[in-house]
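Protein chains in written order, with the working numbering: chain S, 1 to 272; chain R, 1 to 531.
Honestly, the hints are just simulated from the structure, not real lab data.
Hints are not guaranteed to be accurate.
[Unchecked claim] If you want a taste of the chain R side facing chain S, the calculated C-beta under 7 Å gives, among others:
id, residue
1, Pro68
2, Gly404
3, Ala407
4, Gly409
5, Ala410
6, Val419
7, Ala423
[To be verified] Mimicking DSSO-like on lysine-lysine, the simulated pairs with C-alpha atoms at most 30 Å apart in a straight line are:
id, chain 1, residue 1, chain 2, residue 2
8, S, Lys114, R, Lys525
9, R, Lys172, S, Lys114
10, S, Lys159, S, Lys215
11, R, Lys525, S, Lys138
12, R, Lys525, S, Lys206
13, S, Lys159, S, Lys114
14, S, Lys23, S, Lys215
15, R, Lys525, S, Lys159
[As the list claims (entries may be wrong)] Just a sample of chain S residues kept apart from chain R, beta carbon distances all over 10 Å, derived:
id, residue
16, Ser32
17, Asp86
18, Gly109
19, Pro201
20, Glu244
21, Ser259
Here a beta-carbon is modelled for each residue, glycine too, at the ideal position from N, C-alpha and C.
Chain residues, written in single-letter form:
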Amino acid sequence: MNSKLERDPQLHNHRDLETVLEKPILAAESLSLWYGASQALKEISLSIPERRITALIGPSGCGKSTLLRCFNRLNDLVDGVRIEGDIRFHGSSIFDPEVDVNGLRRQIGMVFQKSNPFPKSIFENVAYGCRIHGMNRKRELEEVVERSLVRAGLWDEVKDRLHESALGMSGGQQQRLCIARAIAVEPEVILLDEPCSALDPIATAKIEELMQELKERYTLLIVTHNMQQAARASDYTAFMYLGERVEFGETGQLFVNPSEKQTEDYISGRFG
Amino acid sequence: MTRRKLIGDSLTFLTAGALALDIIFVIAVIVLIAAKGLGHFWQKDLIELKLNDGRVYLGEIWNRESNPDAGTRVRLKVGNRDVSGTDFIWVDERQVEVQTIPVNAVLVERSEWGNFYGYPVAIRHGDRILAEGSAAVMRRFGSVHAEKSRQLQRIHEIEKDEIGDVNFQIEKLRLTLRRVELGGGDSAARAELESQLDAQQYRYDRLVTKLESLNAEFESERLVLETADGIERAIVLGHVIRLVQPNVLSAVDAIGLYASRIGEFLTAESRESNTEGGVFPAIFGTVMMVFIMSIVVVPFGVLAAIYLREYAKEGLAVRVVRIAVNNLAGVPSIVFGVFGLGFFVYLMGGSIDRLFYPESLPNPTFGTGGILWASLTLALLTVPVVIVATEEGLAAVPQAARQGSRALGATRFETLWRVVVPAAMPGILTGLILAMARAAGEVAPLMIVGMVKLAPTLPVDGNFPFVHLERKFMHLGFHIFDVGFQSPNVEAVKPMVFATALVLILVVLATNLIAILLRNRLRRKYAASAV
Numbered sequence: 001m002n003s004k005l006e007r008d009p010q011l012h013n014h015r016d017l018e019t020v021l022e023k024p025i026l027a028a029e030s031l032s033l034w035y036g037a038s039q040a041l042k043e044i045s046l047s048i049p050e051r052r053i054t055a056l057i058g059p060s061g062c063g064k065s066t067l068l069r070c071f072n073r074l075n076d077l078v079d080g081v082r083i084e085g086d087i088r089f090h091g092s093s094i095f096d097p098e099v100d101v102n103g104l105r106r107q108i109g110m111v112f113q114k115s116n117p118f119p120k121s122i123f124e125n126v127a128y129g130c131r132i133h134g135m136n137r138k139r140e141l142e143e144v145v146e147r148s149l150v151r152a153g154l155w156d157e158v159k160d161r162l163h164e165s166a167l168g169m170s171g172g173q174q175q176r177l178c179i180a181r182a183i184a185v186e187p188e189v190i191l192l193d194e195p196c197s198a199l200d201p202i203a204t205a206k207i208e209e210l211m212q213e214l215k216e217r218y219t220l221l222i223v224t225h226n227m228q229q230a231a232r233a234s235d236y237t238a239f240m241y242l243g244e245r246v247e248f249g250e251t252g253q254l255f256v257n258p259s260e261k262q263t264e265d266y267i268s269g270r271f272g
Numbered sequence: 001m002t003r004r005k006l007i008g009d010s011l012t013f014l015t016a017g018a019l020a021l022d023i024i025f026v027i028a029v030i031v032l033i034a035a036k037g038l039g040h041f042w043q044k045d046l047i048e049l050k051l052n053d054g055r056v057y058l059g060e061i062w063n064r065e066s067n068p069d070a071g072t073r074v075r076l077k078v079g080n081r082d083v084s085g086t087d088f089i090w091v092d093e094r095q096v097e098v099q100t101i102p103v104n105a106v107l108v109e110r111s112e113w114g115n116f117y118g119y120p121v122a123i124r125h126g127d128r129i130l131a132e133g134s135a136a137v138m139r140r141f142g143s144v145h146a147e148k149s150r151q152l153q154r155i156h157e158i159e160k161d162e163i164g165d166v167n168f169q170i171e172k173l174r175l176t177l178r179r180v181e182l183g184g185g186d187s188a189a190r191a192e193l194e195s196q197l198d199a200q201q202y203r204y205d206r207l208v209t210k211l212e213s214l215n216a217e218f219e220s221e222r223l224v225l226e227t228a229d230g231i232e233r234a235i236v237l238g239h240v241i242r243l244v245q246p247n248v249l250s251a252v253d254a255i256g257l258y259a260s261r262i263g264e265f266l267t268a269e270s271r272e273s274n275t276e277g278g279v280f281p282a283i284f285g286t287v288m289m290v291f292i293m294s295i296v297v298v299p300f301g302v303l304a305a306i307y308l309r310e311y312a313k314e315g316l317a318v319r320v321v322r323i324a325v326n327n328l329a330g331v332p333s334i335v336f337g338v339f340g341l342g343f344f345v346y347l348m349g350g351s352i353d354r355l356f357y358p359e360s361l362p363n364p365t366f367g368t369g370g371i372l373w374a375s376l377t378l379a380l381l382t383v384p385v386v387i388v389a390t391e392e393g394l395a396a397v398p399q400a401a402r403q404g405s406r407a408l409g410a411t412r413f414e415t416l417w418r419v420v421v422p423a424a425m426p427g428i429l430t431g432l433i434l435a436m437a438r439a440a441g442e443v444a445p446l447m448i449v450g451m452v453k454l455a456p457t458l459p460v461d462g463n464f465p466f467v468h469l470e471r472k473f474m475h476l477g478f479h480i481f482d483v484g485f486q487s488p489n490v491e492a493v494k495p496m497v498f499a500t501a502l503v504l505i506l507v508v509l510a511t512n513l514i515a516i517l518l519r520n521r522l523r524r525k526y527a528a529s530a531v
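Could you build all of it, start to finish, from the sequences and the hints given here?
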């Protein structure tokens, strides 16, 4: 054991990486992806531990967002994408033709880099996913909306204006609304694609705090540019470079004592 | 540096000037039309002119014209078409000896023969004299006229509603009978229908008798008037719409008269081959046609735009289609009219007649121009506008919103239906506004697919099924043309042209305003689109 780990109470509580990864909730298995002729992901294998926060870091264009979008098959929407390898969700392939993609996306929610509330009321934004998946009764919807907004730490700020447009909220509020929208459908995993890159430090701190609460219930996978954020907020970190997974480990371990030269160069600011 | 600044400044002035010019023209159009149109309803003084050759004229001064050789001449509206044969005369001002504004002079607006200008003499009932002398006539006229108005209303009720209903029933029975005959139906049913037909015929005969006695009573009172040169005329008092003494009107009465004339113009049917009366049927026809067109054009245009923008793969085919759609907007409208005649009226209407109305053939039901075919023709004409505006609206919905919806597990269709189309709604409404404005102003294609100068009935009435889409209709645009240029009395109706044009502008403005309010409401609902 690393001495740093023993001194850090948060990390000290963690089981070993191996134990956590015995039954990962999501696992990429030698996943390669091409946009047309150019390869964006190269044989990536990565296991995502359940109810933990895993961060994907790496320089721009290293494929971390692309990898993230593989987990909910959002890349299916892009023309000319070809994928090899596999991703297993609870042990079964998400690329199986039997898999209902829309059901999968319900279980694996996503929050985007730029907040993208729908041009609807706050209430309708949160209720949207539930309506799509067949919930229609007003009472139930009201419960879900309240619960989701409470979990997203937004309820007190918006409870008096639920039926006003979501586009009138501040950037940080909009992003938390997007999180509320994602958790309203009770997913197991939430993918966060640089959720704080457009926010000020206070809004960023709120989201990071929220992530710590959310990991009680959900598995979080976050792409971030911001290494401090990864160090502060995540339990595990994967470093990617030029479409390859360079290193994966406990966040403390990876930042304090990286095993790869490239990782060390990146986190010490020598490139990227 | 200064030279470059100079060029920049003058360019600013150039652009500002161009805009100012545009605004001035728009304002000029509205002011001119409003002034000319609204002035028509204001009552001018009646002038009596005694000429040096002994002729005497009473009338309103219409306009003056100066001629360097012959001095100034005045055009006088003298009315009394039944006496003198002409509504207007020219008077050389040098011939005028005396010009007076006689207190007793009256203007009679009547339902036949146009205005009468003269002096009241008496009101007679048969040989009995009810009132004699100017003051007595004016006093007595109100009560008699009110009675006549009630009778007239009753006559209209019988004519339009009761006889109209009987006619409708008879026609229906006749057609049912014909259908039974065509189908070789049994004689019992036929006898039943024939007895019903007899009953209706009996009802009809009784109504006609009643109508005749009412008409006789209605026409019993006469208003006797004298023209400026002393000829007496007895006018059926019931035919008088207004009796006014313009030269002694108080300000309040003058305004009342003005308002009442505008009210009549907006709510009454036209008389005297559209040269008098109101434009209500034309307003109704225009609005209803635009309404039906909107109902048709929005779904078609929006669906087509959704396919083009959301489903079709960008490529040569889509580009060609898009160019074709844009060019469709540039096709001369009369071409659409010809197409509407050939396709809608003859082909579709003809087929509908053969299939559903064989009993009324050879009289066409849908196989002739009507408000439905006119609306469809205009829908075709305006669908490119809706497609283009909708496509722009769809393109403005950010990809992020679509991805957000897909990431929540919504299908492509659900995303489209619940997120994209609602967000594009303001754009769609913009398209609708443009389409409505275009449709309301279009005249040429309508002339061959169902618009007429005088429609006997509105396309909506009290007879089942209440909305009669096969009927011909009147339209403000065509009304302007017809009144202004096809009228037997061009000079008298000139102001009507402007007034009708003003109404058309207002109708377009009102429909647009409703759509714009709706659009703003939607925009507010979805807030200042920050996405």
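Against the structure, the hints:
no., hint, in the structure
1, Pro68, "violated (70 Å)"
2, Gly404, "holds (4 Å)"
3, Ala407, "holds (4 Å)"
4, Gly409, "holds (4 Å)"
5, Ala410, "holds (5 Å)"
6, Val419, "holds (5 Å)"
7, Ala423, "holds (4 Å)"
8, S:Lys114 / R:Lys525, "holds (22 Å)"
9, R:Lys172 / S:Lys114, "violated (67 Å)"
10, S:Lys159 / S:Lys215, "holds (24 Å)"
11, R:Lys525 / S:Lys138, "holds (20 Å)"
12, R:Lys525 / S:Lys206, "holds (28 Å)"
13, S:Lys159 / S:Lys114, "holds (23 Å)"
14, S:Lys23 / S:Lys215, "holds (17 Å)"
15, R:Lys525 / S:Lys159, "holds (18 Å)"
16, Ser32, "holds (23 Å)"
17, Asp86, "holds (21 Å)"
18, Gly109, "violated (7 Å)"
19, Pro201, "holds (21 Å)"
20, Glu244, "holds (26 Å)"
21, Ser259, "holds (34 Å)"
Comparing the model with each numbered hint stated earlier shows that hints 1, 9, 18 do not hold.
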